[in-house]
Structure formats: C-alpha cells, structure tokens
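With the hints as a guide, bring both chains together as one complex.
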Amino acid sequence: MSDEIDNKQSIQAQSSETMNQYSGSAAADIDYVRPAEIPEQDLYHGHSFITKWVFCQDAKVIGVQYFLTAVFTGVVGLILSWLMRLQLGFPGLAGFMTAEHYYQFVTMHGMIMVVYFLTALFLGGFGNYLIPLMVGARDMVFPYVNMISFWMFFIAVAVLMASFFVPGGPTGSGWTLYPPQAILEGTPGSGMGILLMLVSLSLFVIGFTMGGLNYLITILQARTRGMTLMRMPLTVWGIFTATVLAMLAFPALLVSSIMMTLDKVLGTSFFMPTILKAGEVLEYGGGSPILFQHLFWFFGHPEVYIVALPAFGIVSDLISVHARKNIFGYRMMVWAIVGIGALSFFVWAHHMYVSGMNPWFGFFFATTTLIIAVPTAMKVYNWIITLWRGNIRINTVMLWCLGFIVTFVNGGITGIFLGNVSVDVPLSDTYFVVAHFHMVMGIAPLMVIMGAVYHWFPLVAGRMLHEGLGKWHFWITFLGAYSIYFPMHYLGFIGVPRRYFEMYDSPYMTSAIGMNEFISLAAFIVGAAQFILIFNIIKTLKTGKPAGKNPWKANSLEWHTSTVPPEHGNFGDRLPVVHRWPYDFSVPGAKEDFIPQTTPPSEVVHTEVEKT
Amino acid sequence: MSEQKIADYEFKPGFTGMAKDTGSDQTMFKGVHWGKAMMWIFLLSDTFVFSCFLISYMKGRASTTVEWPYPSEVFALTVFGVSVPLLLIAIMTFVLITSSGTMALAVKYGYEKNRKMCGWLVLATAIGGLTFVGMQAFEWSKLIHEGVRPWENPFGAAQFGSYFFMITGFHGTHVSIGVIFLFIYAYKVFAGHYDTQKRGWFTTMKGDYVEIEILGLYWHFVDLVWVFIFAFFYLW
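Heads up: the protein sequence lines correspond to chains A and B, in order.
Using the working numbering, the letters of the first sequence map in sequence onto residues 13 to 624.
Using the working numbering, the letters of the second sequence map in sequence onto residues 51 to 286.
To be clear, the hints were calculated from the coordinates, so they are not data collected in a lab.
Cβ atoms here follow ideal geometry from the backbone N, Cα and C, with glycine treated the same way.
Wrong hints could be hidden among the right ones.
[Stated by the list, open to error] One side of the interface only, derived from the structure: several residues of chain A facing chain B at Cβ under 10 Å:
(1) Tyr56
(2) Val88
(3) Gly224
(4) His306
(5) Phe310
(6) Pro519
(7) His572
[As the list claims (entries may be wrong)] For lysine-lysine, the following BS3-like pairs were computed, each having C-alpha atoms within a straight-line distance of at most 27 Å:
(8) Lys166/B with Lys238/B
(9) Lys163/B with Lys256/B
(10) Lys109/B with Lys623/A
(11) Lys86/B with Lys248/B
(12) Lys166/B with Lys623/A
(13) Lys64/A with Lys248/B
(14) Lys289/A with Lys109/B
(15) Lys483/A with Lys557/A
(16) Lys623/A with Lys256/B
(17) Lys64/A with Lys256/B
Excised from the complex, chain B in its bound form (with noise of 0.2 Å):
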C-alpha cells in the first residue's frame, strides 16, 4: 500500500507521517472499500461480544465450588471400543480451519476475475461451514443424551452446560449465518453479479468482489473464535 499513490495522495514516512496520513481529508484508511472498513469495526465489536462470553465464562469456572467435568473425558468419542478424546472436536475444528483456507483462495480468485473457480471455491466453504454446523449438532444431541442441560449437569458443575451451550451455541449461529451468507454469495458469483456490477437485491448497492473479501473477513473471523472456544473449553 505505501508504493501506492491514491488521488494524488503521497504517503509521509515515519510516526509523524503516519499520524498525517491518518488525519488527511477524505479517508483515514486509504483505497480501502466502505464495506471492508465496516465488517473491520464490526468485527472489533464482535470480539467484545465473544470476549465477554468467555470471560464471564472463566469467572464462572473459577469460583465454582462444584467440580468442573474433566474435558477430556466428557468430549470423548467411542470408535471400535475405543475411547478417543477429543476426536469429534480436531475434525471439527480441522474442517473449520480448511474452510478457512478455501475461502481466503476464493477471495483470491475473486479479485483475478475467475468467475467459475471462485465459485466453486465459496461453495465449498459453504459446504464445509454446514459440515461444521452438522458435527455440533450431533455433539450437542450427544451431550443432551448423555444427561448434559444448560441447568444441570452430571459430570459436575451445572454452569458447565450452562456456558458450554450458550457459548457454543452462539458461535454456532454466527457460523450459520455465515454459512447463508456463503451460499447466496456462490449464486452470485456463478450468476455474474459481481462482473456485470448487477445491484443488490434489497440495498440497491452496485456488485463487486470485494464483496466475497468482506464476507471472508466474517468467515476468519468466525474461525479465529473459534479457536479460542477450543481452547478456553476443550483443553483447559
């Protein structure tokens, strides 16, 4: 970005610099699409959301005086005989991350122009967020089976479901939502909006590709949560 030269604007180096840079006329953030510079705050908001989940949730851990269930043991999977921990939750996570890396591909496929490969690419993101959404479901209705609630729960503390199931939940309706998003997205782009700059169905906004970045901001996003709910419920 600093070889580049936006209406006339030249980049100023140093601290000095980019403080003059960022107070210039016009735009703080230059060349950058509204849309993006959008789904960027969006995001810094959203990540106050999940922060207060999990941190209301280590709170809620911490001052248990109950028993926390031993994750190991609660999210195992029985294949063959054999109980595997954690075997459900590393496939998940493992196409959840590939999600990742087929959506930043589209994004750049995307912006080469190549209708057809981008595509393809966002649906199999798609594909693979519903994979993800279908894994939870059945570790949910696994979980419930077993006797878990967000009321109670009989390996120990109650809040374990309590929070397992809110916070999980909540990051699951942001994948969906996602997942939406991802296959009105694929038609778009095998149907060409985004090449013949066709407008929008409800905001009269003119198509671009940017638009599949801006989506794919959300995607990462969703995943980079992700793996902190991994690491805050699983592995702790």
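For reference, chain A alone in the conformation it holds in the complex (with noise of 0.2 Å):
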C-alpha cells in the first residue's frame, strides 16, 4: 500500500529557524516557541468513494459518521418516549400497546439514550471531530483504529437494532437490566432480546476503547507547538476527561456483560440466587444479584459524567465565545472536570441506597455525592461570573447554552435531595427519580448539544443555520421540556411510581391524570420541535447563507484552518504555532475583541494581555 501514500503531506518538520518569521528582529525571543518533538505524521488520503467517505480515516469523517449514526438512534429513542407518553397519558388509545410492549419501550429508550446517543455523539461525534482541530493534530493518532472504531459501533447499533425483530422482542428489564429478572422467563425479551443486548454492549465497549485511546493519546501525544495543556480550550479538557472516565468504567459494564451472557446462555448463576418459580427449584442458585449492581452501577455513575463532563467542556467555550468574555477562572475550571472524575468513581452505589446493603455504605456514599456538589457549584459559579459583565449575544448558541444553566442548576438541586439515603428512600423509584435524571443528564447535555450543533455547524458544512428557526427550536424545546419534568416532580412526591405501565384505581389517580395528559402532550410538541432542526439543517445545506472563515469571531485553532471547511490533514502546509489560550476576548489596547491563539505575542505588545 506505500505507493498509495501522499507524500505530499510527510513534509519533514522544519527547524526552528526557518519556521520563525521574526528571526533576526527583536521580537524573536518574546515569539520563540520550541522546535517540534514528533515528525510531521504521514497520512492514508482516500481517493474513491468507499476510502474517502465510508471506510474514511480522517477523524472529521469518522465524526460526522458517528453523529449521523448516534442522531438516528435518538430519533428512534425519541420515537420510543413517544409511545410511552401516548400510554400514560391517554391510557388504552394505542391499541397495540400491552405492559410487555410498555417495559421493552422503556428499557430500549434508556439504553439508547445514555449509551448509544449521548455517549457517542459526545465522545464519538464532537471528540473525533474537536479534538485533533482544537489540539493542532493533523488528525488522530492511530487512524485507521479510528475507522474500526466508528464500524464497531455501527454494528453494536445494528445488533441492537436487531433486537426489535428477534422472537420475543427486545428486553424489557429496565435499562439497568437487573438480574435475575432480565433472563428469566416472564420477562419481556428474555431470549433473543436480552442476549443481543448484551453482545451489542459489549461491541459498543470493545468500538469505544479502540476511539477512547485514539482520543487520549491524540491530546497527550500530538499536541502542536505551544499548546500546552492549559492552553487547551475546556471542550478537550471535558472530552479528554470524561474519556479517562470512560476506558475505567466501561471493563466494568464489559465484565457484566460477559457474566450475564454466561448465567444466560451456559447456566452459570454469577447472580442468580436460589429461584422458586411456581413451586419449583429452577437450575440457579448461589449467585448474588447484587454484584451486578455493584458492576453496573461501578461503569453507570462514570457514565453520568462521561456525558456531563464534555458538556460542562463545551458549553465554557460556547459561553466565553458568545459572551465575548474570557472564561472566569480557567484552572479552577480544569481542576473541577479532573475532580469530578475522580470523585465519580466512588459514588456509585448511591443508586443502590435501597438494595439492602450494609446502612453503614449508604452513609459513605451520601457523604461522596455530597461532595461532588462542590466543584460543580464551582464550575456553575465561573460560567454566571463569565456572563457577568460580557458583550453578550443572545444568539442562538447563547439561548441554548443560558437553557443549560438553568436546567443543569435544578437536576442538580433535586440530585442534592436524592443524595441522601433518608430523603431518597421514600423517593425511590417515584417519577421525582425520572425528572431528576432527565434534567440533568438528559435536558441539561442535550442543550449543548444543540448549541454546539449551531455553533460548530457553520464549521463543518461552510454555511450559517437559519437563526429565526433555531430561536423557535429552542423555545419550544426549553419551555417544553420544563412543562414535561417539572410536573414530574410533582408526581413523584404523591407517589406515583415510576416504570408503572398503568395507575389503575390509586387514591392519587384524579390529580396524576391531568398532569400526565398535559406531560405527554407536552412531550409530543418537543418531539416534534426536533425536526426544526432537521429541516434546519437541509434548508441551509441548499441555501444557507456561506459561513467564510471564522464566523464567530472565536480563537481556538478550529477556525484558523486553512480551508472551511477543513480538508484532510486540517492545517494545510504548515501546522499552527500556539502563543495564548483560546480565551483572549475584549483584550483591552487590542485591535479587535479577540485575539487568536496563533497570534505571537510581538503583535499584541500593547494591548493589556496577560501571559497565558
């Protein structure tokens, strides 16, 4: 395959003299930046259809693919909620819809949700893409790993779409597939349906280790000159981060998987207990059910901030950026990503306060949790004191990201109530569970999302999105989704229970249904605002209006490309030189209100810029 290189790009890294423009004037030592550690890396160039598009190597490709990818599996979630709504809200109107039906909609919209759309699209879809750009990498480290990557993952989607069609359906144990129910009979998909469930998971951990390692070596490794590690923009820190998180929880999700499959197919019993089912002794017996809660919920806390954490990233440089304002405090912000991962490892069992464990681990976690409410109060402190005094535009990358702040700060105050093993216990598994989770890893990251899908849209496809749309889509989106869990809350303090596929006769019937019509109808209206920005998207493709270079005015390396949209290899001939962090907006003395991060420091002498 040698002959099919480009050579084009191998160009050897030139030595410091050369690369420095000022040398011989007085401004060379304020400008001098160290020659480079690593060759230039050589690159695969795909020249047909199939190298350049589906089986691509470059790490924009592989991103849009795993956007596109994860995006399909929400609308199908998306569809799934839907049809739980219609059956709570208005009871009996989908004929079609039997309790085993309501389980396995609501089993396959948790799974998807968490795993298959917000884990990849964050990590998958804004990593692959952000993370070599906003470095100065040429692309990712290991390629053509990258490529396998991406395709495990399409056929971990595919498997688990596949479940839908097998004999007995999907599972229908709750996404957090609790033994012993999850493979016995009686449960909803306990055949096919469970066992495709666990093999897709267990792809989709093998797909994303072969990424997480691309993703982390890329930024430890193949940083370019000047960027050191506070220099990063706080999307790498958060991506970076939660990848950490990610290549240590996932083995435990991958261990569960492996046991469960094994107690399924071959009849070991890692946890199952004695069993009597209609007065019979089944095979099982001696295995402990709450090992696998210990497993699952060892890989399910990580995994909150595995999606949170590239959130909290990106939504500090959308907010710095719109708001034309530096991000307050930059170190304390890096060092409450780290910390929150780290303390996220020994949080998890407060999903477990009412398994019956030992009162003494409830104390122990409530405490932890607790805990990580500090370094999160810090991180929402510095994105209020960011806007505080910003130019700021209310955009729609704005609206979205002020939509995070608000719906981020009250999952996060009901997480306080749920932290603690007495106010949880009677709380336990009642819809005040259901708004919590939603709002804080479900509304909360899916503003960012959107905000950086408008805000990074102009920089992959070359156009603006039309604004007017997207301030309907948010609106809609934002006051929707508070009509839709705020009630929740509600709901869960009479009691209703969650996962209940019907009321019957309960004593708080009269004043649950109401507010379960208004919720699903509710529901339905955000749904359906989804596809503004579908429509958004294939209206500005046609005729949006063309982005040019740098739109919003933004200093991290992603927008000094040399093309836009940016080509393979990113950066053209020659790799950018890093002087500053990415956060030099509204710089006193200087020229514009920001100032690049390849911008030396020889050009900015006058202006009131602090060395970063």
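In structure tokens:
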C-alpha cells in the first residue's frame, strides 16, 4: 500500500529558524516557540468514494459518521418515548400497547439515550471532529484504529436494532438490566432480546476502547507547538477527562455483560440466587444479584459524567465566545472537571440505597455524593461570572447555553435531595427520580449538544444555520422540556411510581391523570420540535448563508484552518503555532475583541493581554 | 530520560518541575512513541477488566453457602501413582514467566537492530505462549473429564467452575491473541520489515522495532495477570 501514500503531507518538521518569521528582529525572543518534537504524521488520503466517505480514516468524517449514527438512534429513542407518553397520558388509546411493549420501550429508550446516543455523540462525534482540530493535530494518532472504532459502534447499533425484530422482541428489564429478572422467563425479551443487548453492549465497549485510546493519545502526545495542557480549550479537557472515565468504567460494563451472558447461555449462577418458580426450584443457585448492581453502577455512575463532562467543557467554550469574555477561573474549571471525574468513581452505590446493602455504605456514599456538589457548583458560578459584564450576544447558541445552566442547576438541586439516604428512600422509584435524571443528564447535555450544533455547523458545512428557526427550536424545546419534567417532581412527591404501565385505581389517580395528559402533550410537541433542526440543516445545506472564515470570531484553532470546512490534514502545509490560551476576548488595547491562539506576542505588545 | 534533551526541551527539577514538564506543550511523555503510550493506557483499562473479574470472584467465593473446593486436591496431577499438588500449574507458570524473559531479550536485540536474534527470541516467546495455552487446554479437559462444568462442580460450590472457566478462559484468550501477534511479528522481523520501515498490511504505518517493545508490554501484562490468577485460584 506504500505507493498509495500521498507524500505531500510528509513534510519534515522544519527547524525553528525557518519557522520563525521574526528571526533577526527584536521580536524573535518573545515569539520563540520550541521546535517540533514529533515528525509530521503521514496520512492515508482516501481516493475513492469508499475510502473517502465510508471506510474513511479522516477523524472529521468519522466524527460526522458517529454523529449521524447517534442521531439516528436518538430519533428511535425519541419515538419510543412518544409511545411511552402516549400510554401514560392516554391509556388504551394505542391499541397495540401491552404492558410488555411498554417495558421494552422503557428499556430501549433508556439504553439508547444514555449509551448509544449521548455517549457516542459527545465522545465519538464531537471528540473525533474537535480534538485534532483544537489541539492542532493533523488527525487522530491512529486513524485506522479510529475507523474500526466507528464500524464497531455501527455493528453494535445494528445488533441493538436487530433485537426489535427477533422473537420475543427487545429486552424489557429496564435499562439497568438487573438480574435475576432480566434473563428469566416472564420478562419481555428474556430470550434473544437480552442476549442481543448484552452482545451489543460488549461490542460498544470494544469499539469505544479503540476510539478512546485515540482521543487520549492525540491529546497527550500530538499537540502542536506551543499548545500546553493549560492552553487547551475546556472542550478538550472535558472530552479528555470523560474518555479517561470511560476507559476505566466501561470494563465493569463489559465484565457484567460477559457474566450475564454466561448466566443466560451456559446456565452459570454468577448473579442468580436460588429461585422458586411456580413451586419449582430452578437450576440456578448461589449467585449474587447485588454483585451485578455494584458492577453495573461502577460503570453507570461514571457514565453520567462521561456525558456531563464534555457538556461542561463545550458549554464553557460557547459561553466564553458568545459573551466575548474570557472564561472565569480557567484553572479552577480544569481542576473541577478532573476532580468531578475522580470523585465519580466513589459514589456508585447511591443508586443502590434501597438494595439492602449495609447502612454504613449508604452513609459513605451519601457523603461522597454531596462532595461532588462542590466542584460542580464552582463550575456553575464560573459560568455565571463569565456572563457577568460580558458583551453577551443573545443568539441561538447563547440561548442554548443559558438553557443549559438553568436546567442543570435545577437537576443538580434535586440531586442533593436524592443523594441523602433518608430523603432518597421514600423518593426511590418515583417520578421524582425520573424528573431528576432527565433534567440533569438528559435535557442539560442535550441543550449543550444543540448549542454546539448551531456553533460548529458553520465549520462543518461552511454555511450558517438559520437563526429564526433556531430560536423557535430553542424556545419550544426549553419551555416544553420544563413542562414535561417540572410536573414530574410533583408526581414523584405524591408517590406515582416510575416504570408502571398503568396507574389503575390508585388514590392519587385524580391529580395524576390530568398532569400525565399535560406532560404527554408537551412531550409530543417537544419531540416534534426537534425536526425543526433537521429541517433547518437540510435547508441550510441547500440555501444557507455562507459562513466564511471564523464567523463567531473565536480564538481556538479549529476556526483557523487553511480552508473552511477543513480538509484532510486540517492545517495545510504548516501546523499552527500556539502562543496563548483560547480565551483572549475583549482585551483592552487590542485592535479587535479577540486574539486568536496563533497570534504571536510581538503583535499584541501594546495591549493588556496576560501571559498564559 | 532526565539527561535527555528533546527538541530544545529542558527537564526541570523537583515536584513543580515535574508538573511543568507534564503540562508542557506538544507531548506529556517526552520522547515516548504514540503506540507505546497507547498500549500503556490500554493496559490500564484492561487492568480494570481483570480487577472486576477477580473482585467478582472474591465476592462469589466469600458469599457462597456451599463449601469451596480445596485447590491442592482439585489441581493435583498424578505422576507415577503419586498425587503432586499444583504440578501442572507450576510448569505452566514457569513457561509463561520464561517467555517474558525471552520477550525482554527480544526487545533488547530489536533496539540493537539485531534482526536474527530478535526474530528467534520473538519466535521462542510465541512458542512459550503456545505451550502455555496447550497446557491450559489439557488442564481444562482434565477438569471437564472429572465432571467440573461452568454450571456445576462435583467438588463443592458450582461457582468454582463458573469463575474458573470464565477467568482462565478470558486470560487464555489474551494469551492466544498475544501468540497470534507474536507469530506475525516474528515473520515481520525475519522478513526485515522493521529494518526497511515497510508499511503495515492494513494500517499503512511505517514499521519500527518499537512495535516489538509495544507487543512486549502486552505480553508482560498478560504474565502479570497470570500471577494474580495463580495466587487467587491456586494458592488461596
């Protein structure tokens, strides 16, 4: 294959003398950046449709592939949620809906949204697209492995979707897949459904590991000249820490999937206690269902932060750019991300307060859980202080960011309720929990995704998304999401249990009925509003306003590529040289209100820019 | 490494110096090959996989109500009418640890560009690994012959069979994958791919002897995991 390599990209790293355009002048000293440590990466350029767009090794294309696949699964998850709300708001209206179907939809909705939509979108989609561009690399360090990573994810999604069509349908054991019921007869999809789910999860973990190694090594070992760790955009920090979490948390999911597969297929009893069924003792015996819960939540809780940390990072960058102000407390933000990531491995059992574990465990995990509130609150304060006295542009991107702060604070506060054992026990398995996690890890990260789409679409496609449609999209989604989840807190307080197919003649029926109808109607509208974005994207691709270079006047490297949209190799003949952090906005004395990361110090000597 | 100067970079002394080195531009680990850094991080992740397996095993063994089988009886081998406890496993462990030694030597000769020695040592490592897998297959068939199954076990708790087959199987898979790669790499060394920087079959990356070290890292890790499995299954 060697002859197929385009040697044009293999320019040898140039020495500092030839790179430094100021050599010989007085400015040479302050603009000095060490020469390159690593030789130029040689890239495989696709030259047919297959190698350019299907089995492509360009991280940007892989990012878009991840994005589109994740959005496809997200739409499936959205339709499932509609079906659930149809049943809850208007029981009996959909004739085909049985209790079994309902449980299957709950399960698939949860698993799709958490793993196959949010995780894949943030790390696979935004990670692949943004990491090489933001750190100033030509591509991911192992482009071939990166390509395999996407196709593993694609197969995982295909296997997951196949479970809709097997006898018995997909698994209906809840997204947590708790044994013993997940693999026992009587639970919907306890045959092929659960098996395909476990296989799909294992494939996802293997595929993600390949991608994750790429993200980490690209960030650690392939940054451009001058790009120190503390000059990286917070987006990169968020994705980096989330990937570290994923590399350490997904093993627990893989192990629990393997063990449950063996329980199902070979009849081992890792998680299966002695079970009496219709007076008959089953073959199983001696296993521990609680062990599965520990393994699952050792994955499951970091998973929350795998979704949240990239969102934190991205929203910090968006707020800074669109408020034309440097992010407040950059170092504090970095350490908060890292601290939240570390703490997230010590809180998993707060999902298990009602599992019957030792009460001292509950005490320990309640304490660690509440400690996480400290770095998280620091981040919220910093976002707000960044906005304070900023030159805020109320455009679509900023609206999504503000929506994120509001919904995140809301979900975070209910988290403090649920982190305390004594408050959690009565609220467990009620709609209060549903409201909490949808607010904090459903709606809040989704707001960031939407903001990020409006922000980076001009880079990916070279055209600006329509602002008016964007604002409609935002307001319907924001107000609608509040209409869905705010009343759910109340439903939880009056004791409506989650995951129930029907309320039957319960005493709280009367007040819950009307509220459920209202929530369902809101859910239909919010779901439908998401198609505004799809319409907007199609319309923009055809007739959108050309974005030109750097439409938001941002500083980070992805906006300073040789072409827009960036080509394979990202930066043309020469990699950029970085002299500052990406947050030099509205610097007094500067000609414009932004100083790109590539601007050398000699060009801004008369401004009040700080050394970073 | 501390004496080395990489592209004008001077390492700084002390703890704050270490922090500055870590956070400096371009690379965090100065002069470390991308593939090598990747393998280290992959192994960290894999450590978590095996930890989850072994911790589950401990939990399963600690909470079982049925007696756990006595390892020196279950894993004994009868030689000339004498039952020798842990005989096979001692040989297996010896072979695997020895193969780690040949691997380390292969890395050394690789960096010295001694193609022949490096190739033979990689091949020796592969054969050592293959022997290990073969003996493991023998041990499995012996236990299966005696009636141990993943779902039942005539010597006591059923979970013994489940955890034993699962964890040694998972480790054996790691060894087998390693053996396959060792054979491929032995071929590549003998064919001189690393001397001529020939590109890989799929990845189009240039060949380099550092790949031997990267595979070596994986191999030593697999050995290290075996030491833990040995301790937890055979000595506990």
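Do the hints match the structure? See the list:
{"no.": "1", "hint": "Tyr56", "in the structure": "5 Å, holds"}
{"no.": "2", "hint": "Val88", "in the structure": "29 Å, violated"}
{"no.": "3", "hint": "Gly224", "in the structure": "8 Å, holds"}
{"no.": "4", "hint": "His306", "in the structure": "8 Å, holds"}
{"no.": "5", "hint": "Phe310", "in the structure": "8 Å, holds"}
{"no.": "6", "hint": "Pro519", "in the structure": "41 Å, violated"}
{"no.": "7", "hint": "His572", "in the structure": "17 Å, violated"}
{"no.": "8", "hint": "Lys166/B with Lys238/B", "in the structure": "11 Å, holds"}
{"no.": "9", "hint": "Lys163/B with Lys256/B", "in the structure": "16 Å, holds"}
{"no.": "10", "hint": "Lys109/B with Lys623/A", "in the structure": "53 Å, violated"}
{"no.": "11", "hint": "Lys86/B with Lys248/B", "in the structure": "19 Å, holds"}
{"no.": "12", "hint": "Lys166/B with Lys623/A", "in the structure": "54 Å, violated"}
{"no.": "13", "hint": "Lys64/A with Lys248/B", "in the structure": "24 Å, holds"}
{"no.": "14", "hint": "Lys289/A with Lys109/B", "in the structure": "26 Å, holds"}
{"no.": "15", "hint": "Lys483/A with Lys557/A", "in the structure": "17 Å, holds"}
{"no.": "16", "hint": "Lys623/A with Lys256/B", "in the structure": "40 Å, violated"}
{"no.": "17", "hint": "Lys64/A with Lys256/B", "in the structure": "21 Å, holds"}
In this structure, the hints that do not hold are numbers 2, 6, 7, 10, 12 and 16, in rising order.
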